[in-house]
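So for the sequence shown, my numbering puts the first residue at 109; every next one is plus one.
Just so you know, the hints here were simulated from the structure itself, not pulled from any lab data.
Among the clues, some could well be false.
Within a straight-line C-alpha distance of at most 25 Å, the following computed DSS-like cross-link-like pairs (lysine-lysine) qualify [as the list claims (entries may be wrong)]:
id: 1; residue 1: Lys230; residue 2: Lys301
id: 2; residue 1: Lys231; residue 2: Lys220
id: 3; residue 1: Lys231; residue 2: Lys180
id: 4; residue 1: Lys246; residue 2: Lys180
id: 5; residue 1: Lys195; residue 2: Lys231
id: 6; residue 1: Lys231; residue 2: Lys199
id: 7; residue 1: Lys168; residue 2: Lys246
id: 8; residue 1: Lys168; residue 2: Lys195
id: 9; residue 1: Lys301; residue 2: Lys251
id: 10; residue 1: Lys180; residue 2: Lys230
id: 11; residue 1: Lys168; residue 2: Lys301
id: 12; residue 1: Lys231; residue 2: Lys168
id: 13; residue 1: Lys246; residue 2: Lys230
id: 14; residue 1: Lys180; residue 2: Lys168
id: 15; residue 1: Lys251; residue 2: Lys348
id: 16; residue 1: Lys220; residue 2: Lys251
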Amino acid sequence: MAAARYACIAAAWASLVLAAGASPANAAGASPANAAGGINLEGIAVQGSLMIGRVEVGAKLWLDDVPVPVAKSGEFLLGFGRNAGRKARIKVTFADGRTASRLLRIEQREFKIERIDGLEPKKVTPSPEDLERIRAEKALIDKARARFTEKSYFRSGFIWPAQGRISGVYGSQRVLNGEARAPHLGVDIAAPKGSLVVAAADGVVSLSYNGMFFSGNVMVIDHGLGLGSIYAHLERLLVKEGQRVEQGQPIGTVGATGRVTGPHLHWGVNLFRVGLDPALLVPAMPAAGK
C-alpha cells in the first residue's frame, strides 16, 4: 500500500477520534451512506484497519455471524485482520425486533516477505518444554486482550510509542533463520536500548510481565471496547497492571528481551484477538531531528 494511502487512512481515523462525544454520523467525512440501515459506521475498511460504529441503544450486532460487543451507549468497534476477505456483512437486531444489514467491501493489500537471520535456534524451533511455557504465556496475553471496557479511552487518538527506524512492518510473512513462520502482526521500531517508550493512547494497563519466551518484557494496555495495544521486548517496565495511563506517558524503555536480534520495540494493536496495523492509526514516523 502506498504511503499516501496510509496517510489517508490515518487522517480518517484521526478525524473520527477527535469527534469525541459526537455520534459517528456527525463526524468528519460522514455521509448518508454511513448511516445506512440504522448502522452508523465510520472509517475505511481495509485489511488491518479499525472502524468506529454506533447503533441504537439495546441493539445486538454481528459481523459475518460473529457477535460484536456493543457498549451501553451503542458504540462499537470493527477490526479487519491481515487475512480478511473481500466482503463482510454486518447484521443488527434492534430492541424492538427490527433487523438490518450492510455489506462491507474490504480493500485488499499486498504484504512483504521479511527475512530475519541470526536468531537463537531455540527461539525459532522451541523444545517441548519451551512450547508449554509459550502456551502459558500466550494465555496471559489472550486474557489481557479479552477485556471489554465500556470506556472509550481510544478517543485520545494514537501516537508513535517510540522514535526510531521502522525495521518491521505489519502483515509481512516472516522467514526466521530460513524457516517460514507466522506473519508479523505489528510494527517494529529499532532504537537504542534504554530509549523511552510511551503509551500510544489513553488506557489501563492490563498486563505487565517480565521474561516471556518470545515477547520478553511485555506490556498490554486496554484502550476500551476491546481495543488494546502491546509493547514487547522492553528493557524496563515503568507502570503496573491496573494503572491508568495517558497518551504520551512513559511506560517503559526499549530493550532486547525475548526473541530478538537487537534492541527494538514491537508495537501491536488488537481488537480482542484480531491483529490490526498500528501504522493505520498514526501519521508517518517523524524524520530524525524533527
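So which of those numbered hints doesn't the model satisfy? 3, 4, 5, 6, 7, 9, 10, 11, 12 and 16
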